[in-house]
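There are 2 protein chains.
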Amino acid sequence: MDRANLKVVVVGGGLVGSLIATYFGQRGYNVHLYEYREDIRTSELVQGKSINLALSVRGLKALEGIGIADSVRAYGIPMYGRMIHSVTGKTRPIPYDPVYQQCIYSVGRKHINEVLLNEAEKMPNLHLNFDRKLVALDLEEKKLKFKSAQGKIEEVRADLIIGADGAFSAVRSELLKRSRINFSQTYIEHGYLELAIPPENNHKMQGNHLHIWPRDEFMMIALPNQDDSWTVTLFMPHTQFSMLDKKDKLLRFFRDKFPDAIDLIGEKSLIDTYFSTKPSFLISIKVSKYNYKDHVVLVGDAAHAMVPFYGQGMNAGFEDCRLLDDFLHNRGLTIREGLEEYSKSRNPNAEAICDLAMYNYIEMRHLVNTTSFIVRKFFDNCLYRIVPSLWIPLYQSVTFSNMDYLNCIKNKKWQDMSLEKFLYAFGVTSAALAFITMFKITTK
Amino acid sequence: MDRANLKVVVVGGGLVGSLIATYFGQRGYNVHLYEYREDIRTSELVQGKSINLALSVRGLKALEGIGIADSVRAYGIPMYGRMIHSVTGKTRPIPYDPVYQQCIYSVGRKHINEVLLNEAEKMPNLHLNFDRKLVALDLEEKKLKFKSAQGKIEEVRADLIIGADGAFSAVRSELLKRSRINFSQTYIEHGYLELAIPPENNHKMQGNHLHIWPRDEFMMIALPNQDDSWTVTLFMPHTQFSMLDKKDKLLRFFRDKFPDAIDLIGEKSLIDTYFSTKPSFLISIKVSKYNYKDHVVLVGDAAHAMVPFYGQGMNAGFEDCRLLDDFLHNRGLTIREGLEEYSKSRNPNAEAICDLAMYNYIEMRHLVNTTSFIVRKFFDNCLYRIVPSLWIPLYQSVTFSNMDYLNCIKNKKWQDMSLEKFLYAFGVTSAALAFITMFKITTK
Chain A
24 MDRANLKVVV VGGGLVGSLI ATYFGQRGYN VHLYEYREDI RTSELVQGKS
74 INLALSVRGL KALEGIGIAD SVRAYGIPMY GRMIHSVTGK TRPIPYDPVY
124 QQCIYSVGRK HINEVLLNEA EKMPNLHLNF DRKLVALDLE EKKLKFKSAQ
174 GKIEEVRADL IIGADGAFSA VRSELLKRSR INFSQTYIEH GYLELAIPPE
224 NNHKMQGNHL HIWPRDEFMM IALPNQDDSW TVTLFMPHTQ FSMLDKKDKL
274 LRFFRDKFPD AIDLIGEKSL IDTYFSTKPS FLISIKVSKY NYKDHVVLVG
324 DAAHAMVPFY GQGMNAGFED CRLLDDFLHN RGLTIREGLE EYSKSRNPNA
374 EAICDLAMYN YIEMRHLVNT TSFIVRKFFD NCLYRIVPSL WIPLYQSVTF
424 SNMDYLNCIK NKKWQDMSLE KFLYAFGVTS AALAFITMFK ITTK
Chain B
24 MDRANLKVVV VGGGLVGSLI ATYFGQRGYN VHLYEYREDI RTSELVQGKS
74 INLALSVRGL KALEGIGIAD SVRAYGIPMY GRMIHSVTGK TRPIPYDPVY
124 QQCIYSVGRK HINEVLLNEA EKMPNLHLNF DRKLVALDLE EKKLKFKSAQ
174 GKIEEVRADL IIGADGAFSA VRSELLKRSR INFSQTYIEH GYLELAIPPE
224 NNHKMQGNHL HIWPRDEFMM IALPNQDDSW TVTLFMPHTQ FSMLDKKDKL
274 LRFFRDKFPD AIDLIGEKSL IDTYFSTKPS FLISIKVSKY NYKDHVVLVG
324 DAAHAMVPFY GQGMNAGFED CRLLDDFLHN RGLTIREGLE EYSKSRNPNA
374 EAICDLAMYN YIEMRHLVNT TSFIVRKFFD NCLYRIVPSL WIPLYQSVTF
424 SNMDYLNCIK NKKWQDMSLE KFLYAFGVTS AALAFITMFK ITTK
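From first to last, the protein sequence lines are chains A and B.
Residues 24 to 467 in this note's numbering are what the first sequence spells out, letter by letter.
Residues 24 to 467 in this note's numbering are what the second sequence spells out, letter by letter.
There may be inaccurate statements among the hints.
Subject to a maximum C-alpha distance of 27 Å in a straight line, what follows is the list of computed DSSO-like cross-link-like pairs (lysine-lysine) [claimed, not checked]:
(1) A:K170 / A:K30
(2) A:K367 / B:K301
(3) A:K145 / A:K168
(4) B:K200 / A:K166
Read the hints as simulated data drawn from the structure, not as lab findings.
Make a model of the complete structure from these sequences and hints.
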C-alpha cells in the first residue's frame, strides 16, 4: 500500500508525539496529530511537567533521525558532571565521564516541543490539530472521536493509531481491555516542587553542572536555563510537604538542610513559590505489550512512565520513535509484524530503565553520600580508564551509549557479580577447609 | 446512627460477597447484595473458577464469626498432606504438619456458596438480588445502577458500598480513579484446565491427601470430592496447551509426564475434556488502598487476586471479612476510621500472600523435587518438633495459624537469615584471617 494512502493518527502532541509524527511524516504517510492542549508555540503559559530536561545520547540519536540533532545540541547547555552541595554549603564535582569528558544537555521542554512542531509543520502530509480532546476510541474499528474547545465532535477513522498521550494515556486504557496485558502503576512517596534561582545569582553557581543537594530523605537539584536562571526541583515525601505548612517551618527546614540554597533562590521567592504551588506526584508505569495487531501502538510515557531520576524519560521516549521507525521501515516486516517486534524488543528495555530510574532515586538522594558508593565509583572509573570497552560503568552505558537498557543492567550485574563471586568463593573455600581441619582434629 | 438505617450495598454474591453480607447482616445493618449471575442454589451449571478449594485455619476462623465453621468443617474432606506422584507413578507422602497432624479441607465452591447464601437469607434485614449487573457507579455520590436480566435498570443509593466483585472488579475500576492508588495486574505464563478422576477409580487414590504431580514446567494436582470423584487441575504454559493440539500429541505428553494419570482419569475422558475446554488464565492483582473515605471498601479478589498455589485465595478473602468486621465494630472507630485502618493494616498482608502464592507456584512445580528443598523441610520439621513456638515453618504459619501473612514471611526470612548469616560470618572471618596470615607471611 502506498504510504500516502495510509492514515496515521497520533494522539498527543508533546515531545514524543511530535517526534513520532515527524518520523512518519518524513516517511510519506498521511499523518494527523491531535493534541488536547493549545499550540505550545502560541500559548502564554506552559502546562505540564518540569520545564528543563537532560538530553543525552539516546535522545540526540533519535533527533538525528529527523535531522535536527545538531541544532538542538547547539542550543542546549552542556553539563559535564554533578556538583554535590554538602549541608555546610561546600561543593564537590563528580564528572559524568572522567575519561571522555562526555556531557548531557540541559534543554527547555517548551523549546524542544516548539522545534519539533515546527519541523512537523514543514510537511504537507502532516496535519496538526490542537485543542482536540480524545473522547472515544474504538480500537477494533480504529475509530476515534475528538472534542474541540468549542465542543464540536470530530470523528476520525485511522489505519494506524499511535498513542503518545502520556502517563495517563487514554489510548492505553482501551488497549488494556483488548488482551491479556500486564500493567502496573506505582506512585512513589516523594513529590516534587519547582523553585528558581534568578539570573542575577547565576555567578554563584558553578556552570555546566547538574547541581545536587542529596539529603537522604530529601533531595534538591538545579539545572541551568538559557536566560541564566536555574530551575530548582525539590524532591521530598508528601508527608514532609504537608508538615512544612508555615513560613517559619519552611525556613527552619531550609536553614537546616539546604542553607546555601536560601541565598541562591532568595528567601522571598522561596516562600512565595513554595506556598503558591502544590507539589506534583511521581508515578512509574509499566505495560507488558505496546501494540494491538496493526491497529495501535504506544510510545513514550504512555508505554513506560518513569520517575525522573535517571534523566531518561524524554530520551527513552525519543528512542522509542527511532526504534519504531526502524522496525517498520528497515527490516522488511509488515506493519503488524513490525509493531509486534517493536513491542517485544522494546518492552523489557523500557521496564529496565523504569527500574533503573527508581534505583537512581535512591542513589541520588542517599548513595552519593556513602563511602561504599564513592569507593565503587573510584573502582569503576579506574577500570573504565584501563579497559573502557570492557568495563563501562552503568551511568555511562545508560547516558552515553545506545546499548539496550537491558544490557546496561546485565553489564552492571556482571560487574557486581565478578567482584562478589570472587569474595564468596573465597569465603566458602576457607570455611570448607576450616571444617575439614576441625573434623580431622576432632576425629584424631 | 442506628445500624438498621445504614444501607450497605454489597456488589458480588460469590464466596466473599455472601460472607461479608452475612457479617453485616448479623450486625444489624440494612444489607442489599447484588450478584450478576443467577442464584447458584437454583442454577444447573456452576460458572466460574475451580470447583474445589482448600479451606484452612483462616477461612474456618472467619466462618466461625458467623457461626458456621463446624458444619462446613464436618462437610469438608480432610487432607493431611501432599502425595507426590513421580514420573514412574511412585507416590510419596509429605505431611503438612508432621508434629500436630493438622489438616486442610477439600470443599466444593458451590457447596460453601450455598451454605453462605442460606445463612444470609435467614435475616430479614439482608436482601439478596440475583441477575443484577452493575452498569454504573458514582463513588462520590454512592449511587449505583444495576441492570436486570430483563434489561430493567434499577438505581440504588447506598451509605456504604462493599466491592466483592472479584478479580476484574468494576467497583475497583472506579476506586482507582478516585485517588493516588498503586495497582498492578500480572498474568502468569501458565494456564489451567480441569480434568476429573471418576468415583470408580477412587480406590486407586490414597485418600485424605492433596495429590501433586510436580514436573518443573508442568504440574497437575488432584483434590477429593464428596461423591468420591477427584478434581484434577493441569497447570502448564499457554504455549504448551497450544502445542498439544492433537489427540496423539496429548497422549504422548501424558505417557511421558503423567503416565499413571491416564489410567486414573481414563483415556477417553482425558481426550474429551481436554479438547472441549479452553484453558483458563491466572492473574495476580494488587491494589495499594482498599477504601475511599467511608464510601467504599474492597474485599476478596477485588482487593487481592492471587494465583492459586498456596490455597489461600478463599481463606484470605474470608479473613478480610473477619478483619473488616473487627475494625468496624470492636475498636471504637468511626466507619471511615475503621475502613482506613482496615485498608492500611490489611494491604501489606494481602500483598504478602499474593507474593507467597507466586513463590509457591515455583515450589510446587519444581522445588519439591530438589534435594535442597527436602533437606530444608527436614531441618524445618526437626526444629518445629523441638521448639514449635519458636520455629514455625512458613507453610504451617500460613495455613495453620492466624498470624499476619507479613509476619509469616518475616518469620521465614529470619529463619533463612539465621542460617545464612552464620555461614556468611564464618566465611568472612576465615577470609580475613587468611588475608592477615598471608600478609604476615609476605611481609616477614
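The hints, checked one at a time:
no.	hint	in the structure
1	A:K170 / A:K30	holds, 19 Å
2	A:K367 / B:K301	holds, 25 Å
3	A:K145 / A:K168	holds, 26 Å
4	B:K200 / A:K166	holds, 25 Å
Against the hints set out earlier in the document, no violation occurs for any number.
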